[in-house]
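Taking full-length UniProt numbering, the leading residue of the sequence shown gets 1, the next gets one more, and so forth.
Do not rely on the hints blindly, as some may be mistaken.
As a list, the in silico SDA-like pairs of lysine to any residue whose alpha-carbon atoms are at most 25 angstroms apart [claimed, not checked]:
1. K764 <-> D669
2. K590 <-> R606
3. K497 <-> I28
4. K41 <-> Y304
5. K41 <-> K493
6. K41 <-> S295
7. K452 <-> A100
8. K658 <-> C605
9. K592 <-> V686
10. K227 <-> D56
11. K658 <-> D723
12. K806 <-> M767
13. K38 <-> I496
14. K592 <-> F484
15. K452 <-> H179
16. K658 <-> I595
17. K41 <-> E136
18. K38 <-> K452
19. K107 <-> N364
20. K658 <-> G724
21. K599 <-> A651
22. K89 <-> F351
23. K140 <-> I28
24. K107 <-> V337
25. K806 <-> T749
26. K296 <-> C605
27. K38 <-> I483
28. K658 <-> V629
29. K107 <-> E514
30. K590 <-> E352
31. K590 <-> Q663
32. K38 <-> V337
33. K764 <-> D202
34. K41 <-> D56
35. K592 <-> Q663
36. K503 <-> T372
37. K497 <-> Y515
38. K658 <-> D669
39. K599 <-> T372
If you are wondering where the hints come from, they were derived from the structure by calculation, not from laboratory data.
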Amino acid sequence: MDPESNRQTLASSDTDAPQREPGPPTTITLNDVLEAVKMHKRFCMPSIAPEVEVTDLPNFDDLAPYGVSEEIQEQLWVKEATRLLDVVKSPESLVFEGSAALSADSKRSYEMLAAMADHVWQAVNIATYDSESLFESNVKELCKNDVLKSCRVVLDYLCEMEEDEVADDSSEAMPRHSHEDFFSFVNYCTAVLAQVLCTAADGKSFQIYVLAHLAKLSTKVKVVSTKLQECAQISIDNGVSDRRIPVPNQHDTRGRQGGHPQIDKGFGDLDLDIEPLLEGMRGLQGELAPLESSSKEDSVRRIYFLHCAKYRFNIFNLIRYLLVPLRGTNRLMRKSVTSYELCSMVYATGFERFRTLVHQDHENDFSGTSDTSRVNCAKGSFDLLNKAIQNVRSQARSRNANPGNRNGLDSQFESLRIDSENRSVGTCISWSYTPDGESGENLQARQPLMLKSMSHVITAMIPFIMTSPRIVSSISEFMTTVIFTELPGEREKNPIKPRAVGKYTGFFCLTTAEYATAQRNRAPDDARSLSKALMRRNNLFAGRQLADIGHSASFPLALNKATSQASDDDQTAPERIQRHQLELDGFSNKMKPWIIEEKGIMVRCRLYVSGLMLLCTVLVAGGVSIGVVVGERITGVDPFNITTYCWVLAAFILLVAKSVRVQDWPWNDFLHGRVLCKSVSELSSVTGVNEQLILAKILQDESISILQTRGPYNTVFNRKSEDGFSIDRPLSIWTMLLSGLIMIEVESTRGRSLVCLDLRRGTKYEMIDNMCIYEPQGEEFIHCSRLPNEKDGEAHGDPNRIRLRKGNLVWLRARGLYGNKDAEFV
Numbered sequence: 001m002d003p004e005s006n007r008q009t010l011a012s013s014d015t016d017a018p019q020r021e022p023g024p025p026t027t028i029t030l031n032d033v034l035e036a037v038k039m040h041k042r043f044c045m046p047s048i049a050p051e052v053e054v055t056d057l058p059n060f061d062d063l064a065p066y067g068v069s070e071e072i073q074e075q076l077w078v079k080e081a082t083r084l085l086d087v088v089k090s091p092e093s094l095v096f097e098g099s100a101a102l103s104a105d106s107k108r109s110y111e112m113l114a115a116m117a118d119h120v121w122q123a124v125n126i127a128t129y130d131s132e133s134l135f136e137s138n139v140k141e142l143c144k145n146d147v148l149k150s151c152r153v154v155l156d157y158l159c160e161m162e163e164d165e166v167a168d169d170s171s172e173a174m175p176r177h178s179h180e181d182f183f184s185f186v187n188y189c190t191a192v193l194a195q196v197l198c199t200a201a202d203g204k205s206f207q208i209y210v211l212a213h214l215a216k217l218s219t220k221v222k223v224v225s226t227k228l229q230e231c232a233q234i235s236i237d238n239g240v241s242d243r244r245i246p247v248p249n250q251h252d253t254r255g256r257q258g259g260h261p262q263i264d265k266g267f268g269d270l271d272l273d274i275e276p277l278l279e280g281m282r283g284l285q286g287e288l289a290p291l292e293s294s295s296k297e298d299s300v301r302r303i304y305f306l307h308c309a310k311y312r313f314n315i316f317n318l319i320r321y322l323l324v325p326l327r328g329t330n331r332l333m334r335k336s337v338t339s340y341e342l343c344s345m346v347y348a349t350g351f352e353r354f355r356t357l358v359h360q361d362h363e364n365d366f367s368g369t370s371d372t373s374r375v376n377c378a379k380g381s382f383d384l385l386n387k388a389i390q391n392v393r394s395q396a397r398s399r400n401a402n403p404g405n406r407n408g409l410d411s412q413f414e415s416l417r418i419d420s421e422n423r424s425v426g427t428c429i430s431w432s433y434t435p436d437g438e439s440g441e442n443l444q445a446r447q448p449l450m451l452k453s454m455s456h457v458i459t460a461m462i463p464f465i466m467t468s469p470r471i472v473s474s475i476s477e478f479m480t481t482v483i484f485t486e487l488p489g490e491r492e493k494n495p496i497k498p499r500a501v502g503k504y505t506g507f508f509c510l511t512t513a514e515y516a517t518a519q520r521n522r523a524p525d526d527a528r529s530l531s532k533a534l535m536r537r538n539n540l541f542a543g544r545q546l547a548d549i550g551h552s553a554s555f556p557l558a559l560n561k562a563t564s565q566a567s568d569d570d571q572t573a574p575e576r577i578q579r580h581q582l583e584l585d586g587f588s589n590k591m592k593p594w595i596i597e598e599k600g601i602m603v604r605c606r607l608y609v610s611g612l613m614l615l616c617t618v619l620v621a622g623g624v625s626i627g628v629v630v631g632e633r634i635t636g637v638d639p640f641n642i643t644t645y646c647w648v649l650a651a652f653i654l655l656v657a658k659s660v661r662v663q664d665w666p667w668n669d670f671l672h673g674r675v676l677c678k679s680v681s682e683l684s685s686v687t688g689v690n691e692q693l694i695l696a697k698i699l700q701d702e703s704i705s706i707l708q709t710r711g712p713y714n715t716v717f718n719r720k721s722e723d724g725f726s727i728d729r730p731l732s733i734w735t736m737l738l739s740g741l742i743m744i745e746v747e748s749t750r751g752r753s754l755v756c757l758d759l760r761r762g763t764k765y766e767m768i769d770n771m772c773i774y775e776p777q778g779e780e781f782i783h784c785s786r787l788p789n790e791k792d793g794e795a796h797g798d799p800n801r802i803r804l805r806k807g808n809l810v811w812l813r814a815r816g817l818y819g820n821k822d823a824e825f826v
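Could you build the full structure based on these sequences and the hints that come with them?
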């Protein structure tokens, strides 16, 4: 391995980049990490069995079968551990430094990136197969059979490629990367993983073991990558025999619709089952003291395998999630993409401004989370991404001391120099970020930055992928697994705690000229990418009116309308956003005293009841006083008839006023100045709050309330009852977005359809695949099976009224976010 390949991947950060939160404690030393790297030589658990030490444990990521001596292996471990420890302790931002072959963001450079990612993917599969084989041979319940089988498929394919002399890789159509670029790529990926994981949680032991396992994995990937086919055969020969590899069940092997399950399967479903880990820990607690020495050694040995399982599987999973977008989802064949959009957005929504993370990836999959702990977990990735972009921007400024005039993103794309295979594909990144939450209410986009170097693209793309909700969820589950499988003594000695962060918001978009052009050519109400979504940068509060049902006034004017009206609308947007957010806060405070019951919502109306009772009292008292005062002064007239008329009038007013707003108002509730509203229209009439705001509040709080619903527009609600609260008003798209319900337009066998990405408060993870995964008894989605249009007879006269239902739907591809501002969902 080239000694120069491990050069530092650090660069100075821009002055306006936010400082990253502190990494590992300064008490972590190289010796701490190396001790964890070599723990197979000497493993003990003083908190459980202080006198027991096991020295004959198998070495995960052992390089001896691949022709590397133990002395050289340890030298390589020291080098990798030193590099990773320096990375997480340094305040400098990370940067990928490629060779001259990656000097332009050309199609050929993207193919080289896919080739490097594929190379790492194959090497990781070798390491994973070795690891799972050790688990299968020692502690079978910790072996992931589906992972073992899928890795074997890749290794068999590699061996077959060797027999064919990999002719395709020698052709000019498949550009080869240099060893220097490959090792730099491995360094950068592992450095990003180390920084993200070490900033996600405080805990000395957690950070030490993360660095140790990453150092060993990085070393093995570099070694086996030099002779992939030969190492793949060695791994097969030393691993589990064919007859001992269990065949996964049908649930474990399903793939994308119409694909081969063992080839096309992604690793999204290969989550670590922590039950064996928990059972193993339960069996060790409090049971070692009376055991013999041999039994204690067996128990400590088992702890070693449990420890390796929880760290290794989660780290391998994260690496897979990182590599798949770069090489493509097909396991046996890589694919580069030069027309794409990567977009990650963290925005505040709802009445409490709870934060939601939404992501669009290379494959046009849409995913998100609104779980607070997971959005917090993403903060380190966004910080790293922001610093990387700032660093790239500072380098671009230094290289272009006298930049030419820029007329916006469109002119930059059009001015790209066409040069056959090496022409730039027009990679561009735009972003806005408020890491501390201050001044984040009015996010303003910065000038888009053209990434003319593939090294710059890789610098931004790797941390960008780490902001994916899938990876964020995996990191969160990783920390949960580590925390709950720690032994009590270790948990108290070295507690692991996820870091609390502020209410940050951000928007990042990485795209190419071809994709941007296709988006600009779409109609205003056509499906759009996430970067052009209706809820982008507080657009929900940028309209001329708040919650204006069925009208576009709830949103700002279309960005592509080059008129003076659009310009004025954009200039006044910050003021409207602030005014509407204050207005929403006022409605939120008004809703706080409401009492949510199972069948309705109880609200106080003492002022209304008091005023009504006062009016009736005046009428009754006035009638009596007229009868007493007038007496017999008017000849032939009984003054108490006037009293009777006043009483009847008072009773009539009381009955009408009591029934005009609600259908049923018991006298007990009326006299106590309260009313139980049983529908949206009743609640709006009683409180004066806009119906759409009421619907948004109910949708937002459904997961934490006991309210049961019914009614004609009840599809999107989960807790239903025949005598519950009636949803008798349709929902506008503004209400859906404010509540966290994002409609994705897809193409199905029936035409254009809608599928709901449900990110209501507390959603841990939700995803809408570009191509639906076919399952006979699959997940049910809120959807519209066929969108109406003006020429469609099924539209019933109004193409803006979308009928929703809940059930199964199979679609062919996702087109983007639904963009009809006037839509009503019935």
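How the hints compare with the structure:
1. In summary, the hint linking K764 to D669 is not supported, as the alpha carbons are separated by about 40 angstroms, beyond the 25 angstroms threshold.
2. Distance check on the hinted pair: K590 and R606 sit about 14 angstroms apart at the alpha-carbon level, within 25 angstroms; holds.
3. Taking the CA atoms of K497 and I28, the gap is near 17 angstroms; set against the 25 angstroms cutoff, the hint holds.
4. A hinted pair counts as satisfied when its Cα atoms are at most 25 angstroms apart, and K41 with Y304 qualifies at roughly 11 angstroms.
5. A hinted pair counts as satisfied when its Cα atoms are at most 25 angstroms apart, and K41 with K493 qualifies at roughly 23 angstroms.
6. Between K41 and S295 the CA atoms are separated by roughly 19 angstroms; this keeps the pair inside 25 angstroms, and the hint holds.
7. With a C-alpha separation of about 13 angstroms, the suggested pair K452 and A100 falls inside the 25 angstroms cut-off, and the hint holds.
8. With a C-alpha separation of about 12 angstroms, the suggested pair K658 and C605 falls inside the 25 angstroms cut-off, and the hint holds.
9. For the hint pairing K592 with V686, the CA-to-CA distance comes to about 15 angstroms; that is within 25 angstroms, so the pair holds.
10. In summary, the hint linking K227 to D56 is not supported, as the alpha carbons are separated by about 29 angstroms, beyond the 25 angstroms threshold.
11. Using a Cα cut-off of 25 angstroms, the hinted pair K658 and D723 holds, with the two alpha carbons roughly 22 angstroms apart.
12. Only pairs whose Cα atoms come within 25 angstroms are accepted, and K806 paired with M767 is accepted, the gap being roughly 16 angstroms.
13. Between the alpha carbons of K38 and I496 the distance comes to roughly 22 angstroms, so the proposed pair stays at or under 25 angstroms and holds.
14. Taking the CA atoms of K592 and F484, the gap is about 36 angstroms. The hint is violated against a cut of 25 angstroms.
15. Annotation: proposed proximity of K452 to H179 holds, straight-line Cα distance about 23 angstroms (limit 25 angstroms).
16. Our distance criterion of 25 angstroms between C-alpha atoms is met by K658 and I595, whose separation comes to about 20 angstroms.
17. Using a Cα cut-off of 25 angstroms, the hinted pair K41 and E136 holds, with the two alpha carbons roughly 21 angstroms apart.
18. For the proposed pair K38 and K452, the alpha carbon gap of about 43 angstroms is over 25 angstroms, so the pair is violated.
19. Using a Cα cut-off of 25 angstroms, the hinted pair K107 and N364 holds, with the two alpha carbons roughly 19 angstroms apart.
20. Annotation: proposed proximity of K658 to G724 holds, straight-line Cα distance about 22 angstroms (limit 25 angstroms).
21. Restraint check for K599 and A651: not satisfied, since their Cα atoms lie roughly 29 angstroms apart, outside the 25 angstroms limit.
22. As the CA atoms of K89 and F351 are separated by approximately 39 angstroms, the hinted pair breaks the 25 angstroms bound.
23. Straight-line distance between C-alpha atoms of K140 and I28 comes to about 34 angstroms, which puts the hinted pair past the 25 angstroms bound.
24. Simply put, K107 and V337 have alpha-carbon atoms about 8 angstroms apart, close enough for the 25 angstroms limit, and the pair holds.
25. Note on K806 and T749: the hinted pairing holds, with a Cα-Cα distance of about 18 angstroms set against a maximum of 25 angstroms.
26. A C-alpha spacing of about 70 angstroms is found between K296 and C605, which places the hinted pair above 25 angstroms, so the restraint is violated.
27. As the CA atoms of K38 and I483 are separated by approximately 23 angstroms, the hinted pair is consistent with the 25 angstroms bound.
28. Restraint check for K658 and V629: not satisfied, since their Cα atoms lie roughly 32 angstroms apart, outside the 25 angstroms limit.
29. Between K107 and E514, the direct Cα distance comes to roughly 12 angstroms. Compliance with the 25 angstroms bound is thereby established for this hinted pair.
30. Taking the CA atoms of K590 and E352, the gap is about 13 angstroms. The hint holds against a cut of 25 angstroms.
31. Pair hint K590 plus Q663 holds up; C-alpha atoms about 23 angstroms apart against a cutoff of 25 angstroms.
32. For the given pair, K38 sits about 40 angstroms from V337 by alpha-carbon distance, which is inconsistent with the 25 angstroms threshold.
33. At most 25 angstroms may separate the alpha-carbon atoms for a hinted pair to count; K764 and D202 meet this at roughly 22 angstroms.
34. A hinted pair counts as satisfied when its Cα atoms are at most 25 angstroms apart, and K41 with D56 qualifies at roughly 7 angstroms.
35. With a CA separation close to 24 angstroms, the supplied pair K592 and Q663 stays within the 25 angstroms bound.
36. Using a Cα cut-off of 25 angstroms, the hinted pair K503 and T372 holds, with the two alpha carbons roughly 10 angstroms apart.
37. At most 25 angstroms may separate the alpha-carbon atoms for a hinted pair to count; K497 and Y515 exceed this at roughly 41 angstroms.
38. Taking the CA atoms of K658 and D669, the gap is near 11 angstroms; set against the 25 angstroms cutoff, the hint holds.
39. The straight-line distance between the Cα atoms of K599 and T372 is roughly 29 angstroms, outside the 25 angstroms bound, and the hint therefore fails.
Comparing the model with each earlier hint shows violations of hints 1, 10, 14, 18, 21, 22, 23, 26, 28, 32, 37 and 39; every other hint is respected.
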